[in-house]
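Visitor: Sequence:
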Amino acid sequence: MTTVAFVCLGNICRSPMAEAIMRQRLKDRNITGIQVTSRGTGDWNLGQPPHQGTQKILNTHGIPFDGMISELFTAQDDFDYIIAMDQSNVDNIKRINPHLSGKLFKLLEFSALSDTDVPDPYYTGNFEGVYDMIQSSCDQLIDYIVNNEGSQS
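At position 109 of the sequence shown (counting the first as 1) the number is 97 in the numbering used here, and the numbers step up by one without a gap.
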């Protein structure tokens, strides 16, 4: 089983949105063998469900997010792929665990926007724009993982 963790600051906006979208895209493409979760580098939202804006945009697109709650990224977490939303997340992840070379990526490295960060809609309110950025990157991320890990489709 290949494991993927999406990571953002509070694990209530971007990373749970990415987790839900990725799960749906894997289901839509009948790809098995990839387990997806999400985490945050900050601890102030632990145990909370996704932000209302994230819930609304996922509901609008018919993407389930049942049972998702904010969890903290820790030094003990062991994932095959750690997908950060922005450079600040990358820096925080490296501070938490400096031994992740080859596992840590920014999500938009898997898109035409490779030099861009996914902005935090908690501050901008632009949940639709963030949804579009994440959604457009997930298929390329899936292709990358399948090509490198040989997951089943």
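No wet-lab data here; the hints were simulated from the structure.
For glycine and all other residues, C-beta sits at the position ideal for the given N, C-alpha and C.
Hints should not be assumed to be uniformly reliable.
[To be verified] Across the chosen pairs, the derived CB separations fall in these ranges: (1) SER89 with HIS49: 33 to 41 Å; (2) TRP32 with GLY138: 33 to 41 Å; (3) ALA63 with GLY113: 28 to 36 Å; (4) PRO86 with ASP54: 31 to 39 Å; (5) GLY113 with MET(-11): 32 to 40 Å; (6) THR(-9) with GLN75: 21 to 29 Å; (7) THR(-9) with GLY113: 15 to 23 Å.
Visitor: Take the hints in turn and mark each one as holding or not.
Guide: Status of the hints after comparison with the structure:
1. SER89 with HIS49: 33 to 41 Å: holds (34 Å)
2. TRP32 with GLY138: 33 to 41 Å: holds (39 Å)
3. ALA63 with GLY113: 28 to 36 Å: holds (33 Å)
4. PRO86 with ASP54: 31 to 39 Å: holds (35 Å)
5. GLY113 with MET(-11): 32 to 40 Å: holds (36 Å)
6. THR(-9) with GLN75: 21 to 29 Å: Taking Cβ atoms as reference, THR(-9) and GLN75 lie about 23 Å apart, which means the hint holds.
7. THR(-9) with GLY113: 15 to 23 Å: About 32 Å separates the Cβ atoms of THR(-9) and GLY113, which means 15 to 23 Å is violated.
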